[in-house]
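Residue strings, one per chain:
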Amino acid sequence: MSPFLAVRTTLSKPWLWSYAGALMVWLITIGGVRGQGAGGIVAAALAFSVFLVLVGLGQMLVITSGPGNIDLSVPSTITLAGVVSMQLMGGASQMIVAGALAAVAVGIVVGTFNYGLIRLLRIPPIIATMSSSFLIQSMAISYNEGARAAPPSTLVAFANGRLMGVPYTAIGVVALAVALGYVTTRTVYGRSLSAIGQNAGAARLAGVRVERTRYFTYAVCAVLAALTGYLLAAFSGGATLDMGDDYMLSSIAVTVIGGTAVAGGRASVPGIWGAALFLFLMVAMLNALGVGAGLRLVITGVLIIGIIIFASKPKN
Amino acid sequence: MNALLQPARLRAALPVLSLLIVVLPMFYLQPQTFSYFGINTLISLAVTIVLATMAQMCVITVNDLDLSIGSFVSFVACVGASVLQQSTVLGIAVLVGCVLVYCVIGMLIEWRNLPSIVVTLGMSFVWLGLALLLMPTPGGSTPEWLQQLVQWHMPVIPLPLVAAVVIAVATHFFLMRSAWGTLLRGAGGNGRALARAGWSLLWARGLMYALAGVFGVLSGLTLVGFTTSADANIALRYTMISIAAVILGGGEFVGGRISPCGAVIGALTLTLAASLLSFLEISPTWQIGAQGVILIIVLSLRAVIGRTRA
Chain A
1 MSPFLAVRTT LSKPWLWSYA GALMVWLITI GGVRGQGAGG IVAAALAFSV FLVLVGLGQM
61 LVITSGPGNI DLSVPSTITL AGVVSMQLMG GASQMIVAGA LAAVAVGIVV GTFNYGLIRL
121 LRIPPIIATM SSSFLIQSMA ISYNEGARAA PPSTLVAFAN GRLMGVPYTA IGVVALAVAL
181 GYVTTRTVYG RSLSAIGQNA GAARLAGVRV ERTRYFTYAV CAVLAALTGY LLAAFSGGAT
241 LDMGDDYMLS SIAVTVIGGT AVAGGRASVP GIWGAALFLF LMVAMLNALG VGAGLRLVIT
301 GVLIIGIIIF ASKPKN
Chain B
1 MNALLQPARL RAALPVLSLL IVVLPMFYLQ PQTFSYFGIN TLISLAVTIV LATMAQMCVI
61 TVNDLDLSIG SFVSFVACVG ASVLQQSTVL GIAVLVGCVL VYCVIGMLIE WRNLPSIVVT
121 LGMSFVWLGL ALLLMPTPGG STPEWLQQLV QWHMPVIPLP LVAAVVIAVA THFFLMRSAW
181 GTLLRGAGGN GRALARAGWS LLWARGLMYA LAGVFGVLSG LTLVGFTTSA DANIALRYTM
241 ISIAAVILGG GEFVGGRISP CGAVIGALTL TLAASLLSFL EISPTWQIGA QGVILIIVLS
301 LRAVIGRTRA
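Top to bottom, those sequences are chains A and B. Going left to right, the first sequence walks through residues 1 to 316 as my numbering numbers them. Going left to right, the second sequence walks through residues 1 to 310 as my numbering numbers them.
Think of the hints as simulated: they come from the structure by calculation, not from any bench. Predicted model, so just to flag it, every value in this text is computed and none were measured. Please note that the accuracy of each hint is not assured.
To be verified - Taking CB as the label site, the calculated pair distances span:
hint	chain 1	residue 1	chain 2	residue 2	range
1	B	Val-293	A	Ala-206	34 to 42 Å
2	A	Asn-287	B	Gly-198	27 to 35 Å
3	B	Ala-195	A	Arg-209	50 to 58 Å
4	B	Ala-12	A	Asn-287	25 to 33 Å
5	A	Gly-172	B	Ala-12	24 to 32 Å
Unchecked claim - To spell it out: a stretch of chain B is covered by chain A in this simulated footprint if at least three of its residues, at any positions, have a beta carbon under 8 Å from a beta carbon of chain A; those stretches are:
hint	segment
6	10-24
7	52-60
8	83-90
9	186-193
10	292-301
Idealized CB from N, CA, C, for every residue including glycine.
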């Protein structure tokens with residue numbers, strides 16, 4: 001491949017825009033604060049984006065599996081996994097692994113239940129995941145009754161720990177994203193997922209194991225959400241019942257901003273990181289410029305609509 | 001086979017049956033609820049959810065989904081408790097503007113062939129942001145006339161009950177029986193055929209979204225008429241409930257297949273289920289879960305009925 005062509009193919013990647021946006025917003029912010037704490041902002045962006053990236057990667061896989069596929073149970077799964085793992089650990093450091101396994105188990109159960117509803121009841125995934133999210137939410141509330149358990153101190157240290165300024169969790173999630181990038185582009189599963197997302201009927205006729213791929217996708221999404229709940233609870237000093245609420249809309253938002261095709265069939269793993277950093281840095285920039293919460297939300301909304309219009313073509 | 005047991009009829013009867021299963025035990029457990037004041041109290045707040053459900057149904061008719069209806073209703077409620085109180089004219093102008101925005105969103109989605117989920121997701125941030133700008137902290141007060149209108153004790157029959165029936169029947173006749181309604185549903189059922197016949201899909205989608213906006217405005221005003229004050233998060237949960245109610249009532253995501261009466265009944269079932277649980281002395285913890293269980297049971301029954309037909 002000639003260098004010129006290489007540059008052109010890189011420039012045509014949809015995820016590039018999210019990084020360009022993140023960089024631009026970061027430059028404006030450090031301009032606004034006259035260069036003070038420019039590195040600190042990046043470290044904070046990495047630390048806070050980790051959760052959105054984890055959830056977003058799962059949502060991205062689900063959205064890639066075809067039109068109408070969205071997991072609305074993500075926020076309640078985050079909350080349930082956070083509550084269950086914190087209660088199980090009860091602040092004891094020797095229970096850290098058990099807590100993580102409990103979170104993963106919550107994710108597997110939720111993912112299996114979601115897929116079961118979609119398959120057995122033949123209902124749209126949005127309805128299936130919404131129904132189960134109602135149930136999961138109630139389970140989280142009932143599980144949370146009683147004393148609120150603080151996370152084990154070792155886990156708190158890990159969730160807030162940094163290696164040369166870079167949070168451990170960010171290193172872990174970057175590694176996960178790289179692995180998932182390989183999985184979505186180079187493995188049978190990733191190829192099957194794209195094929196199903198583009199045309200499930202054709203994929204089935206071509207011998208793709210449609211149902212197995214779909215089940216795996218919903219399970220992975222739920223497990224990633226559950227792990228987010230575990231880490232988020234550790235990071236913020238305990239599980240709360242509204243800890244997942246922000247992630248329903250924002251997990252879809254990072255997927256769209258990151259360049260994943262909303263109609264399915266094309267995932268964009270690097271875009272999830274770019275979009276999460278972009279969203280965080282934008283909030284930081286608007287904060288630095290003294291813009292209030294209300295205007296910040298309006299700008300976020302207009303941006304999402306602007307991006308989707310920009311990426312669209314008029315109907316003929 | 002008995003005519004009553006035909007799959008299509010069973011399917012249509014499901015929403016009614018589920019409402020009865022929720023309501024009858026309630027009247028049995030607490031006979032005093034079967035009275036003017038009992039019914040008035042039980043379904044007064046359900047009317048706002050019924051209206052939000054109608055808004056969602058309009059959008060679902062054209063194969064779209066509105067993820068912004070909850071924050072839109074919240075925004076309208078904030079307008080009702082602030083701008084409308086200060087100046088009736090300005091308040092009404094803002095609300096008319098909201099309906100126009102809804103119309104433009106619908107046309108934009110049609111024109112650029114956009115995914116409605118993403119556009120309405122963006123709009124949900126916009127409405128929530130505007131609501132926060134208008135009302136950073138909970139509060140405000142509703143105009144006296146709005147409170148009196150919404151809380152009016154109509155003689156003999158409770159107003160909320162009448163409102164629910166009128167909404168169901170009026171929407172049914174407009175969307176299911178009138179020529180216009182058939183065309184608008186056709187935009188969801190087979191848009192290409194409608195376009196070939198010379199109708200404008202741009203206007204069809206714009207009109208359905210505008211109608212959704214009107215229902216959303218009515219929902220927000222009714223809500224703030226009852227609560228008399230508002231905050232930016234007041235109705236966020238309506239997004240999910242309205243989708244659930246439309247589907248519970250027999251609506252489908254594709255093909256313009258909707259049922260206005262069913263959707264109204266679905267909304268009533270979901271809201272009254274919470275009251276039933278409290279009468280059964282089940283912890284409020286399980287109220288949301290019960291809504292999920294109702295959805296799953298009704299959809300399972302529908303799947304079973306669907307299979308016997310096939």
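Verification of the hints:
Take B:Val-293 and A:Ala-206: their Cβ atoms lie about 39 Å apart, and the range 34 to 42 Å holds. Range check, A:Asn-287 to B:Gly-198: Cβ separation about 53 Å, and the 27 to 35 Å hint is violated. At roughly 38 Å, the beta-carbon separation of B:Ala-195 and A:Arg-209 lies outside the given 50 to 58 Å, and the hint is violated. At about 53 Å, the CB distance of B:Ala-12 to A:Asn-287 disagrees with the hint of 25 to 33 Å.
Under the hint 24 to 32 Å, the C-beta atoms of A:Gly-172 and B:Ala-12, about 53 Å apart, miss the expected range. Residues of the segment 10-24 of chain B lying with their CB closer than 8 Å to a CB of chain A number 0, which falls below the three-residue condition for coverage. Check on the segment 52-60 of chain B: 0 of its residues sit with their Cβ under 8 Å from a Cβ of chain A, so the three-residue criterion for coverage is violated. Using a Cβ-Cβ cut-off of 8 Å, 0 residues of the segment 83-90 of chain B lie near chain A, which falls short of the minimum of three, so the contact claim is violated.
Look at the segment 186-193 of chain B against chain A: 0 of its residues bring a Cβ nearer than 8 Å to a Cβ of that chain, fewer than three, so the hint is violated. For the segment 292-301 of chain B, the proposed coverage by chain A is satisfied: 6 residues have a C-beta within less than 8 Å of a C-beta in that chain, meeting the threshold of three.
The structure is inconsistent with the numbered hints 2, 3, 4, 5, 6, 7, 8 and 9, although it conforms to all the rest.
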